[in-house]
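These protein sequence lines map, in sequence, to chains A and B. Count the first sequence with the working numbering and you get residues 1 to 561, in order. Count the second sequence with the working numbering and you get residues 1 to 166, in order.
Hints were generated in silico from the structure; no laboratory data involved. Here the structure is a predicted model, which means the values were calculated and not measured. Heads up, the beta-carbon is just placed ideally off N, CA and C, and yes, glycines get one too. Be aware that a few hints might be false.
As the list claims (entries may be wrong) - Interface residues of chain B toward chain A, partial, derived using beta-carbon atoms under 10 Å:
id	residue
1	34
2	52
3	53
4	62
5	64
6	77
7	81
8	97
9	136
Said to hold, decoys possible - In silico EDC-like links for lysine to aspartate or glutamate, alpha-carbon gap of 16 Å or less:
id	chain 1	residue 1	chain 2	residue 2
10	A	253	A	392
11	A	112	A	80
12	A	321	A	300
13	A	253	B	34
14	A	254	A	137
15	B	64	A	132
Unchecked claim - For the chain A half of the interface with chain B, some residues (derived, Cβ under 7 Å), not all of them:
id	residue
16	10
17	30
18	31
19	68
20	141
21	243
22	246
23	280
24	284
25	301
26	303
27	341
28	362
29	368
30	369
31	492
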Amino acid sequence: MTLEELYELGQNFRQKLETFRAEIHVCGSGGCISSGSFQLKETFEKVCEARKIGADVRVITTGCMGLCGAGPLVRVHPSDTLYVRVTTEDVERIVDSHILKDKPVKNLLYPKDASFFARQMQVALKNMGRIDPESIEDYIAHGGYEALAKAITYYTQEGVILEVRNSGLRGRGGGGYPTGLKWDIVRRVPSAEKYVVCNADEGDPGAFMDRAMLEGNPHAILEGMAIAGYAVGATQGFIYVRGEYPLAIERLKKAIKQSERTQILGNRIFESGFNFRIDLRIGAGAFVCGEETALLQSIEGQRGQPRPRPPYPSQVGLWGKPTLLNNVETFANVPAIVLNGGKWYSAIGTEKSKGTKVFALAGRINNTGLIEVPMGITLREIIFDIGGGIPDGGEFKAAQTGGPSGGCIPVQHLDTPVDYESLTHVGSMMGSGGLIVMDQTSCMVDIAKYFMKFCMEESCGKCIPCRVGTVQLFRLLDRMTNGTATEEDLDTLEELCVMVKDTSLCGLGQTAPNPVMSTLHYFRREYEQHIHEHNCAAGVCSVGAEQADPAVASLHQSEGA
Amino acid sequence: MSKQADKQGNADNRYKYLDRAIARHQFRGDALIEILHTTQELFGFISRDLLLYIARNLKLPPSKVYGVATFYHFFSLEPKGEHTVTVCLGTACYVRGAADIQVALEKTCGCAMGQTTADGKISLQGARCVGSCGIAPVVIYDNDVAGYDTVEQATARVRTWMEEQA
Chain A
1 MTLEELYELG QNFRQKLETF RAEIHVCGSG GCISSGSFQL KETFEKVCEA RKIGADVRVI
61 TTGCMGLCGA GPLVRVHPSD TLYVRVTTED VERIVDSHIL KDKPVKNLLY PKDASFFARQ
121 MQVALKNMGR IDPESIEDYI AHGGYEALAK AITYYTQEGV ILEVRNSGLR GRGGGGYPTG
181 LKWDIVRRVP SAEKYVVCNA DEGDPGAFMD RAMLEGNPHA ILEGMAIAGY AVGATQGFIY
241 VRGEYPLAIE RLKKAIKQSE RTQILGNRIF ESGFNFRIDL RIGAGAFVCG EETALLQSIE
301 GQRGQPRPRP PYPSQVGLWG KPTLLNNVET FANVPAIVLN GGKWYSAIGT EKSKGTKVFA
361 LAGRINNTGL IEVPMGITLR EIIFDIGGGI PDGGEFKAAQ TGGPSGGCIP VQHLDTPVDY
421 ESLTHVGSMM GSGGLIVMDQ TSCMVDIAKY FMKFCMEESC GKCIPCRVGT VQLFRLLDRM
481 TNGTATEEDL DTLEELCVMV KDTSLCGLGQ TAPNPVMSTL HYFRREYEQH IHEHNCAAGV
541 CSVGAEQADP AVASLHQSEG A
Chain B
1 MSKQADKQGN ADNRYKYLDR AIARHQFRGD ALIEILHTTQ ELFGFISRDL LLYIARNLKL
61 PPSKVYGVAT FYHFFSLEPK GEHTVTVCLG TACYVRGAAD IQVALEKTCG CAMGQTTADG
121 KISLQGARCV GSCGIAPVVI YDNDVAGYDT VEQATARVRT WMEEQA
């Protein structure tokens, strides 16, 4: 494969696409599948067949189109019309009226200028929901693998890294470490063997960005990894993907096979001396494996227990070799940066946080779904303009970012710009991109307890502050929610939070107290109400019942045994 | 389910598939997690005999195999029920009332999350997050993902399973 051959392949496929009279794209992401999008696709095919236009209309399943709450979604081309909540009964109407008579079906239309789309800016998600994720030709026809070909043909290793450094891209898993710098460190370590690892162990509850990207545009991740492999001098890549995402695994397997068959991955890529292969590793349901050293342990077939850093994986990683570890979204941004240049990317966003960020909007919000926004946009714009506000006349109470490592941002900080520093400043963090909106029906003490239970169960048990601390924190929080806590417990809670944060070994323990600390900071009144007045304003906790959570009861049991 | 019994029954090809998977990974100890995945796919769960079988073939101490198999939530060392109900307990589902569904299902089935009913019909389990937050709360009945689920729908569905004739 050469650059010319790649262009030709893309050109041929585009010509083939032009022969179609229309295209019907049916969203095939998690939300839409469970509301019946596969049956919908079949019905479209059948109806087109019955109208004798089966050969002229291309019906495909695409990746996530973003508006998950209004699924199943269908997009009709060339007019780029989006239909929402389409049922199998609507199929005939859409085909008869839109495809045959060019009259869009009005009552299913989603307005093109709606602020849900108008306020977004798509870089990492650019082709998602517009191409067939199971077709490498479709990806190439939309400019895919051009960045890899250009990087290998025209750039030196240093040149690629310089573009990434200039772009200002920072780790999208939530840590925010400058990507170019990390690449440079791995490149500089002398070693015959190096690895590139993609962290697709998306463990934060309430986050589904990585899943959507892996399912909707798997080739973009492969391309980003291959560019990284070229830049740092690695020959082998691994994608560590959650076992809970069977569709993502299937599509990645298919994508890897296709790229090997077209000789885009493998030996002598684009006629150069660069060889690169990618293998999948399937996770087995351990949240701690999202931590980089634990993830590497897991790839090696061990228990996923973190180890102290330094040495960082960039120096001593997989099987003791230098290893570059980046998140799915980070890799998804790389092809666009190489194609358009670092300067183009750094023009988006704020001074310290460049580019765009993908968020998964969920919880008590009208437009649940997947969005990509430029850094520096405010939370208010995300929640009320893009998200469409709170349903059922509810009142905004808090936005939770960063999952079990993050915090709750209250109404007085709604105008905080979304960037790494500002979110940390208000006691939360960027995190991987889960954004859960809560209204008055959520009790903040209960939410803190929910996250603490999560961390308690997911603690790997290696270091004591995390293993024991999270259990004690959970017990204290449980006492608050069942009405048996005292004022003293509140002090103990605060003290313990600081201790667990300061003395734990890895990110899981160090950040586990964050949800408690941020809710204590902004919603202390609610904690006090639970303790003194035995009252839960949200009506979630049964404060008077004085009954321990079943999880606490089972803790007692296991201690007795 | 012991290996000997399976061999006498001689209808069990599953060991053959397992051996093939182990050979494909060249008997390497660092393929342990991959092998455990394959085993669970083939057998539904990983029995004590299978753990020993894997340990011998990968030349790993049984303690290590047991340690890894119990560390990860995905691997089950107990047989599953005929049907599996998975309640997503991710944040988005939690905020939209997944806990109520959990309590109702536990009451209907008479067993807690992570357990199987006494008649072996239904296994209840919780999931961390299935990544379908847009349609929360989510419950998965065997392989059927149901979005915007309610307490009434969930209990009704489980009841029909319980009344099913074996």
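Checklist entry - Regarding the hint that residue 369 of chain A lies at the interface with chain B, is the smallest CB-CB distance below 7 Å? => result 5 Å, holds
Next on the checklist: Under 10 Å is the threshold here; is the Cβ of residue 52 of chain B close enough to any Cβ of chain A for the hint to stand?
Outcome noted: Cβ of residue 52 of chain B sits 17 Å from chain A, so the hint is violated.
Item to check | Evaluation of the interface hint that places residue 246 of chain A against chain B, nearest CB under 7 Å | outcome: 9 Å, violated
Next on the checklist: Next item in the hint list is residue 368 of chain A. Is there a CB on chain B closer than 7 Å to its CB?
Outcome noted: 4 Å, holds
Checklist entry - Are residue 321 of chain A and residue 300 of chain A close enough, with their CA atoms no more than 16 Å apart? => result 12 Å, holds
Checklist entry - Would the stated hint for residue 280 of chain A survive a check requiring a Cβ distance to chain B of less than 7 Å? => result It is violated, given that the least Cβ distance between residue 280 of chain A and chain B is near 9 Å, above 7 Å.
Checklist entry - Any CB of chain B closer than 7 Å to the CB of residue 243 of chain A? => result 5 Å, holds
Checklist entry - Given residue 30 of chain A as an interface hint, is the shortest Cβ-Cβ distance to chain B below 7 Å? => result At about 4 Å, which falls below the 7 Å cut-off, the nearest Cβ of chain B leaves the hint on residue 30 of chain A intact, so it holds.
Checklist entry - With 7 Å as the cut and Cβ atoms as the points, is residue 301 of chain A at the interface with chain B? => result 4 Å, holds
Item to check | Given pair status - residue 132 of chain A, residue 64 of chain B, alpha carbons within 16 Å | outcome: 42 Å, violated
Checklist entry - Should the interface hint for residue 303 of chain A be scored as holding, given a Cβ-Cβ cut-off of 7 Å against chain B? => result 4 Å, holds
Checklist entry - Is residue 112 of chain A close enough to residue 80 of chain A, meaning Cα to Cα at most 16 Å? => result 9 Å, holds
The structure fails hints 2, 3, 4, 6, 7, 10, 15, 16, 20, 22, 23, 27, 31 (numbered hints given earlier, in ascending order).
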